[in-house]
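There are 2 protein chains.
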Amino acid sequence: MKEFQTIEQNFKVSYSYNLYTTEHLFEKDNPVFVNLFKNIQGASKVLFVIDSQVAEKHSSLVRQITTYCANFSEKILLKTSPLILEGGEQIKNNSTHVEYVLNAIEGSNICRHSYVAVIGGGALIDMVGYAAAIAHRGVRLIRIPTTVLSQNDSAVGVKNSINFFGKKNFLGTFAPPFAIINDKAFLRTLEKRDWISGISEAVKVALIKDAQFYSFIKENAELLKNRDEDAMQYLIYRCAALHMEHISSGDPFESGSSRPLDFGHWSAHKLEQMTHYELRHGEAVAKGIALDVTYSFLIKKISENTLDDILTVMLAIGFDLNFPEDEEQINEMLLGIEEFREHLGGKLTITLIDEIGKKTDVHAIDFSIMKQAVQLLKTKLNK
Amino acid sequence: MKEFQTIEQNFKVSYSYNLYTTEHLFEKDNPVFVNLFKNIQGASKVLFVIDSQVAEKHSSLVRQITTYCANFSEKILLKTSPLILEGGEQIKNNSTHVEYVLNAIEGSNICRHSYVAVIGGGALIDMVGYAAAIAHRGVRLIRIPTTVLSQNDSAVGVKNSINFFGKKNFLGTFAPPFAIINDKAFLRTLEKRDWISGISEAVKVALIKDAQFYSFIKENAELLKNRDEDAMQYLIYRCAALHMEHISSGDPFESGSSRPLDFGHWSAHKLEQMTHYELRHGEAVAKGIALDVTYSFLIKKISENTLDDILTVMLAIGFDLNFPEDEEQINEMLLGIEEFREHLGGKLTITLIDEIGKKTDVHAIDFSIMKQAVQLLKTKLNK
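Residue numbers (our numbering), protein chains in the order written: chain B, 1 to 383; chain V, 1 to 383.
FYI, nobody ran anything at the bench for these hints, they're computed from the structure. From a predicted model like this one, the values you see are computed outputs, not experimental measurements. Fair warning: there could be bad hints in the mix.
Since the list can't tell identical chains apart, any single copy or any two copies may satisfy a pair.
[Unchecked claim] Derived DSS-like pairs: lysine-lysine, alpha-carbon spacing no greater than 30 angstroms straight-line:
{"hint": "1", "residue 1": "K159", "residue 2": "K79"}
{"hint": "2", "residue 1": "K347", "residue 2": "K38"}
{"hint": "3", "residue 1": "K45", "residue 2": "K159"}
{"hint": "4", "residue 1": "K159", "residue 2": "K12"}
Make the full structure from the sequences, and use the hints.
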């Protein structure tokens, strides 16, 4: 009988969305939120999910949102009161919270042309984003990140996730948001440690991509530490822009093996897990960067001057760059290299730097040199 | 302070995959499966999931797969024996089976550069595809559909799903496969009802897109009914090609409101649910098409001759086009219109036809005319 030819399928899917920067998003006359719907006919259903700490510290927020949406009722339809959920990494540790959000999506008749708006830190946004991505094969997500880390990194990306089988981000999808809105008013109520911790992602992206941005961070280290708003606003803006540029110019859904934005992250993920997420992601990333630049020096990719410069800047910002003393713990941490490869898939690819602002990939890590790096870092910190 | 500009993000993601047609895929010298890996370095991990009925009817399949992979061990690494799971819609009704597959993915260290190969009908492929799509944000999926319906329609698309909250396909994602392989040997062991039921999707796509293909189906109705392999092979090939063309030329991830490939599906989904999936999807779609072409006639979009021609062809293939007698059940079925809109989201958009091979969208359905259509269809069938 006749043989049939192979049918080839090729297509592209376009994504387009904006990151807006504003202050007091839900104040009466702020047009940013309602303008998201300006090209959409009729009133769109929106389900809000808010981090309980944010709702507590901004005690008029829920009322403001309700009033704001009522004022713009021809564009926005609030079917239920905002859900208030605890933030933090533990919300990603099982599927109970995902089902809670799915339940609200179903109960509010949120469809693929409706919206979930999530206000909170990176963990809450990851979890709610995952629920939104799997409901009806994806309802539209508006991310309103409230921490430095989520405003400059996690919320501007295209991923969502929860932890499963005790593995960080085991479940998730790639799902670009409908929009992201950074509201700087939320940063004012952050604990000091959350203000500082998110800066590590800016150091990371500066080190691999932008020497000028690194100089900005270096010159403003003290201001950043002391909560200067202007310095922080520029840091967030530039860091977010570099992340977004990377995503759109490369391999947005990570089909390859290289993931330079995960510079410093292999040990960070493992340290977070080992401390049961006592360590914040940003704090762990700072340690991870310190370790991988020390390793970069030991394998002769950067000079000792460069290494010292980076460590000095990170200490000036206020990062704690210490590692566990115990050798067993260090050995456990090194298992993070294989876990990192496995989650990413493909060939082991660890990003290091050749100079400030220039990344380089390696495909093997020498464990004994990495252990030397831990020791050398300790020696330098004790000087 | 300085205001920061909105950051605009725009990018495209490319997808590329093939549908292969073969016979006896895992026979020793069949190159189709191993060739999937020809451009990939080293041995790729593959986890097989097989429909238990398929494994039973093709009792040497599991052994064949094991031998085949062992023969090509430099390209394919089988870490565990194939999972054998029951097929059918009930496998989509809760998340237990998804977690079972996720567990195997985790246990076999399947990463984003490894593969899940699923052999079975549309429901199993939907469920396993969903598990693969959410693990590590998407591991590669090879679909090997074994029914007419999955070979010509569901497995060639870009969706996966499970049912949740009692709603069909409430959870799912858009996730193009790595490859699809149609093996015609699997069709030989289908029950008669499964051989016939999948033909409805070919009638559907012919009616909305391709008058010539409709003529082929009309001329071959008897042969198709009597399990002629050549006629069926062409039907599957052309139907799959039309579906794939539609996906790549339009709106692959369905961001808009129109979904012409769901012609006849609003009542089909509801009837499936009302019969607790006693009715096969393809059988329900045949009824749904019959109803919507009758409605198309009543609102003067097609002539009575055209209507009669379509009904005659569908009856000749062997479809049962009867609807429930009970008026309450018809009323319940009509609720399917709103559920269809809600799942799809956006504006109600129901596809009808203007003539054979030409679709038309309407944005409202007149319930009393739809009830008349049920009656008229009954009268015509009793003639």
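Okay, the hints, checked on the actual structure:
For the homomeric pair K159 and K79, the shortest alpha-carbon distances inside one copy (27 angstroms) and between copies (29 angstroms) are both at most 30 angstroms. Taking the closest pair of Cα atoms, K347 and K38 come within 30 angstroms of each other only across two copies (17 angstroms); inside a single copy the shortest separation is 45 angstroms, beyond that limit. When the C-alpha separation of K45 and K159 is checked against a cutoff of 30 angstroms, the pair qualifies both within a copy, at 23 angstroms, and between copies, at 25 angstroms. Taking the shortest Cα distances, K159 and K12 sit within 30 angstroms of each other both inside one copy (19 angstroms) and across copies (16 angstroms).
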